[in-house]
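Asks: Just so you know, the sequences run in chain order Y and F.
Just so we're aligned, residue 1 is where the first sequence starts under my numbering, counting upward by one.
Just so we're aligned, residue 1 is where the second sequence starts under my numbering, counting upward by one.
Mimicking BS3-like on lysine-lysine, the simulated pairs with C-alpha atoms at most 25 Å apart in a straight line are:
1) F:54 / Y:44
2) Y:15 / F:33
3) F:22 / Y:15
4) Y:104 / Y:80
5) Y:44 / F:50
6) F:22 / F:88
7) F:22 / F:11
Sample of chain Y residues lacking proximity to chain F, with all beta carbon distances greater than 10 Å (derived):
8) 60
9) 64
10) 71
11) 90
12) 91
13) 96
14) 97
15) 104
16) 114
17) 115
18) 161
Quick look at which bits of chain Y chain F covers, simulated, 3 or more residues with Cβ under 8 Å:
19) 15-21
20) 30-44
For the record, the hints were derived by calculation from the structure and aren't laboratory data.
Beta carbons: idealized from backbone N, C-alpha and C, even for Gly.
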Amino acid sequence: MKMEEGSVSSLDNSKLEGMAQDILSELVEDACLGLCFEVHRAVKQGYFFLDDTDQESMRDFEIVDQPGLDVFGQVYNQWKNKECVCPNCSRSIAASRFAPHLEKCLGMGRNSSRIANRRIVTGNNTNNKSESDQEDNDDVNDNDWSYGAEKKGEHSQKSTVICLNNIFIQTFFHFYFVFVHLSSINK
Amino acid sequence: MDHTVSKIMSKDYQMKAAINQKLIEMGERERLKELLRAKLVESGWKDQLKAHCKDVIREKGLEHVTVEDLVTEVTPKGRALVPDSVKKELLQRIRAFLAQHAAL
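Sequences and hints are given; from them, build the entire structure.
Replies: In structure tokens, the structure reads:
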């Protein structure tokens, strides 16, 4: 839209100011309308008065800030130092160690069978069961409850022996397959 | 009837329409709207007005309140409650825009 040149100079500042004020009041009216629509929708959808709470229930659910209690006012380390009696071996075990002890004691759970197998392997050093070898390779990475109860030196010695055995077996099989393959080509 | 026609044909009106169009096209009107909204929330204007809305609703009854009720009750108060600092800031930006683009 073309305007005359020099139209600005012919405009008073007051006109420009008047325009600015008009624009401002339009913007303010937009804001007010926006709020009205927002409120009206909240009323009709039923969530307008949701954030009104009375003083009494505010006091009931206030955050608790005392030592030894969580924000709800409950005691949270009550069972830390209690001891439980194992129903299997009738020993007194600390509460935080109770679950893994039960696992081993009852012979259930992931670790107990693997540990049992490993004990069998180290029991017969000359006997090489391929199953237990493979299982033990997983075992190295799998430690649900780590207590350091098993000595580190012993552990690495056992696993090294087992790994070496595994390598020998694999190499043997590799050569065997290559041999078979070559002989079938020659035919 | 002639008054309306002459009003629309007047240069002032045309200029105003052109400026408005420019504001919209350049996205400045949207930015100004957002700025105003943010400032109003910051200054507590929205909460004040919302409390006033609650009174209006309780008066008219929750089930029967209409948009028109709210608009007629709330808008004048809303206009009056805008803080001066907010008005000043918005006016500054608008004037700057006009100074830049009213000449073209």
